[in-house]
Amino acid sequence: MERTDEAASESGILLVEDDVIARTSLSQLLSVKFRGIPFHCAEDGESGLALYRQHLPRVVITDIGLPLLNGIELARAIRVDRPQARIIVLSAHSDSRCLLATAELADIHFVFKPTDINELFAVVRRCFEEEEAG
Amino acid sequence: MTKKEPIATDHAPPSARPPSPPRPAKPLKRARCGSSIERLASTRLQVSQLEQQLQGTQEQLRVATEQLDTSRAGFQLAEQLLTINGDFQSAGVSFQAANEGLRAVVDDLNNSKEELESSKEELQLLNEELIAVNRELQAKVQELHGSQLQSELQLAQLRAILDSLNDGVVISDLQGNMFLWNPAAVLMHGFSDQQQCRWRYEDFATLFELSTEEEGILPPERRPLRRILSGETLRDWEVQLRRPETGWQRIFSYSGTLARGKDGKPLLAVTSVADVTEHKRAQQDLQRAHKELERRVRERTIELTTTVETLLEEITQRERAEASLRRLNALHELLGAVDQAIVRAVDRDSLFRDFCRISVQHGGFLLAWVGLTEKASGRVRVVAASGAASYLDDIRVTANREAEGEGPTGIATREGTYYICNDFQNDPHTRAWHEKGKLHGIRASAAVALKEQGRVIGAFTLYAREKDFFDRQHTALLLQMGADISFALDHLLQETRRREAEQALQEEILERLRAVEGLRDKERLLVLQSRQAALGEMIGNIAHQWRQPLNALGLLIQEMAMFSAADGPDGGYLEGTAGRAMELVYHMSRTIDDFRNFFSPDKERMDFRVRQVIDTVISIIDASLKEQRIALEISAQGDPVVNGYPNEFSQALLNILLNARDVFAERRIDRPRIEVKLWQENGRTLLTIGDNAGGIPEEILDKIFDPYFTTKGPDKGTGIGLHMSKTIIEKSMNGRLTASNRQGGAQFCIEV
Chain L
1 MERTDEAASE SGILLVEDDV IARTSLSQLL SVKFRGIPFH CAEDGESGLA LYRQHLPRVV
61 ITDIGLPLLN GIELARAIRV DRPQARIIVL SAHSDSRCLL ATAELADIHF VFKPTDINEL
121 FAVVRRCFEE EEAG
Chain G
1 MTKKEPIATD HAPPSARPPS PPRPAKPLKR ARCGSSIERL ASTRLQVSQL EQQLQGTQEQ
61 LRVATEQLDT SRAGFQLAEQ LLTINGDFQS AGVSFQAANE GLRAVVDDLN NSKEELESSK
121 EELQLLNEEL IAVNRELQAK VQELHGSQLQ SELQLAQLRA ILDSLNDGVV ISDLQGNMFL
181 WNPAAVLMHG FSDQQQCRWR YEDFATLFEL STEEEGILPP ERRPLRRILS GETLRDWEVQ
241 LRRPETGWQR IFSYSGTLAR GKDGKPLLAV TSVADVTEHK RAQQDLQRAH KELERRVRER
301 TIELTTTVET LLEEITQRER AEASLRRLNA LHELLGAVDQ AIVRAVDRDS LFRDFCRISV
361 QHGGFLLAWV GLTEKASGRV RVVAASGAAS YLDDIRVTAN REAEGEGPTG IATREGTYYI
421 CNDFQNDPHT RAWHEKGKLH GIRASAAVAL KEQGRVIGAF TLYAREKDFF DRQHTALLLQ
481 MGADISFALD HLLQETRRRE AEQALQEEIL ERLRAVEGLR DKERLLVLQS RQAALGEMIG
541 NIAHQWRQPL NALGLLIQEM AMFSAADGPD GGYLEGTAGR AMELVYHMSR TIDDFRNFFS
601 PDKERMDFRV RQVIDTVISI IDASLKEQRI ALEISAQGDP VVNGYPNEFS QALLNILLNA
661 RDVFAERRID RPRIEVKLWQ ENGRTLLTIG DNAGGIPEEI LDKIFDPYFT TKGPDKGTGI
721 GLHMSKTIIE KSMNGRLTAS NRQGGAQFCI EV
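So the sequence lines, in the order shown, correspond to chains L and G.
Heads up: the first sequence at position 133 corresponds to 133 in my numbering, and the numbers run straight through without jumps.
Heads up: the second sequence at position 635 corresponds to 635 in my numbering, and the numbers run straight through without jumps.
It is worth saying that the hints were derived from the structure and are not from the lab.
Note that the Cβ used here is the ideal one computed from N, Cα and C, for glycine as well.
Warning: the hint list may mix true and false statements.
Stated by the list, open to error - Pair by pair, the computed Cβ-Cβ distance ranges are:
#, chain 1, residue 1, chain 2, residue 2, range
1, G, Q743, L, R125, 48 to 56 Å
2, L, R125, G, L525, 37 to 45 Å
3, L, R125, G, L701, 54 to 62 Å
4, L, R125, G, E633, 38 to 46 Å
5, G, D670, L, D81, 19 to 27 Å
6, L, E129, G, Q743, 48 to 56 Å
7, G, L525, L, D81, 52 to 60 Å
8, L, R125, G, A561, 15 to 23 Å
9, L, R125, G, Y708, 48 to 56 Å
10, G, L550, L, R125, 23 to 31 Å
Please build the complete structure, drawing on both the sequences and the hints.
Right, here's the structure in full:
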């Protein structure tokens, strides 16, 4: 399990986004910025959870409105598996209901839409630093 | 009775003949002889003339006899006969005279004989001649005697005729000896035979009393025979005869004349008598009857006169009645006109004015006025007048007990009745106005009280130019008029009240209208609110719709910036990224168009495809539904086209969908699902929107379409959405929107 954890932590970043343009664009930007770090991406919540369980990436970036399993549910499921998992939620300001829903979950990072890519990079880097520190 | 002397006659008998005219002297012997011859000749001539006369007489007799045969005209015939008789007698006399003459001639001749002795020879021839003549003459005389005998025979015939006559004929001589009575005359006088009748006039006069209606008992000289004897000719002279000692009495009609000889000398008196007693009696009866008739005619005439007078009287009365009727008619007309005015009247003053005007115009009154009593002073104030209104100038009339309150108007107003004054100039009640009235020619007046709500308020007064103008019927009509006007006053009062009530009602209605208007304003506000809500909703939806593409667009731009800086410009990469970016921009633009179309109100009805409307609505809330992970399932059969307002329809549909979405959020339904079904049935288009949100509580099922009804908190719902939907479907599009619960959720059904 240790190995698995190590291996998983090595495997880097998971992106779950249903919007194809946003997913494509984000995956290109993130893979270029964090070259060398394994990068996974899914288009719905369930496949996202499966990828997480398979690769155990250090950082999970997810949209809220997702088919099959939404961002919050995904986050909740990941926390059940690994409470220390670093999760970044891409959210619109008006998604207050979602925000309330995520309030129960600690250490969730929010990046508001429309996404400022540098802010997202910064949050991802901080997550890696917290991982290394923690 | 004096005895009448025989009337002297010119025809003196031969003895009484005056002596022959003195003969010429002897030396004139020849001449004398010649004269004798002449005389003889004349005598001859005379004889022949006599013969002729006799012949004529015979002829006359024959004619008379014939006439007698054919005619029974007693008197004329008798007279004729008598005349003939007289003629005969006078002829006899003439013959005698001729005889005498001849005898004188013979005497002369004898006398001449001695004188002619000397000339005997000379005269012998002559003498012989004369003798021959004489002989001849004697023969003639003989002949004459024969003819006299014949005359007597004829007389007998005459008598027979007389005897057979019905009328009495009495012949008397000039002394009044009534020597001949025919049987009728005898019978008439009540005698038994001719002998009894041989009365002299005097005796007759003592036996019979004669009288006429005109003269009474006739004096002797007026008796018929005496009158005839005195030369009068009587004709149908009616005389009453009476025998005082027997009481016998008859009425005879006398006719008569003197029978005259050839020379015109009276010979006889012929009286014819007709018993006209019966005739007279009949005549008298007739006369009596006539008189009776006359009397009756007179009586009848008088009666008729009376009748005519009565009739004339009646005519006069009738004329009077007609005049009254005319006035009555005028009044009726007036009443009719007043009634019309009443119908037209809008207020009291105009009614009074009209009444006065009409009374003068139609009723022919001199003056008409209406007075109202002032409560405090009792004074009757003129409120309307027409006609000789100057009479009313400064006039003082009151309803009080004073001189000015004793007139018709005063009495009528005080007592609430009426007063008729048919002799204005002499009525003590109108004393106060006699002078003034005279000046205006007022002869009669009538006042009738006017009432309002049963209370006397005044009176109307009418003035006429004629005395005794108002009779019983007029009065009745005037009272009717008063009642009508009073009724009209009540009616006007009621009318006023009604109008006030109406006005109040109108105000109330106005108030209500205002309230309704307010309500409508509120509704409008609601609609506005709902629109704003919808707008808010739309903006939310736009936000949803745009968030994703905006995010993607932002990322694309940042990506481009990053890669262009890191790798240098790559035509293919940039082109692809710009194309993706433009796709996003177009999508966003389309979204905007959808919303704009959705919010632009429909100008007019049109045919539209329900499918298309559903698609538009879905495109608008799609993002919103997706965000809540509400599954939307659409099934459509066919592509129905309906007529109406597509944007309103889509709004109605949108409201239903939003309502479902909100209920899902509120009830936190797991796996929310909305099912939209579209199909056609019996020419109607049906659209159902069902959800699985648990349905509508039964207790509010009948309220969900009410305006302002909402189950959501004040911050969320306006209570307008479903109400709007129902209004749109049912009022704008004549469809039906119903709600029901089924299969664990609510189902709305739109039927158009």
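Hints and how they fare:
1. G:Q743 x L:R125: 48 to 56 Å: At 52 Å between Cβs, range holds.
2. L:R125 x G:L525: 37 to 45 Å: 55 Å, violated
3. L:R125 x G:L701: 54 to 62 Å: 58 Å, holds
4. L:R125 x G:E633: 38 to 46 Å: 44 Å, holds
5. G:D670 x L:D81: 19 to 27 Å: 23 Å, holds
6. L:E129 x G:Q743: 48 to 56 Å: 54 Å, holds
7. G:L525 x L:D81: 52 to 60 Å: 55 Å, holds
8. L:R125 x G:A561: 15 to 23 Å: Once the Cβ atoms are compared, 19 Å apart, the range 15 to 23 Å for G:A561 and L:R125 holds.
9. L:R125 x G:Y708: 48 to 56 Å: 55 Å, holds
10. G:L550 x L:R125: 23 to 31 Å: 25 Å, holds
Consistency note: the structure conflicts with earlier hint 2 alone.
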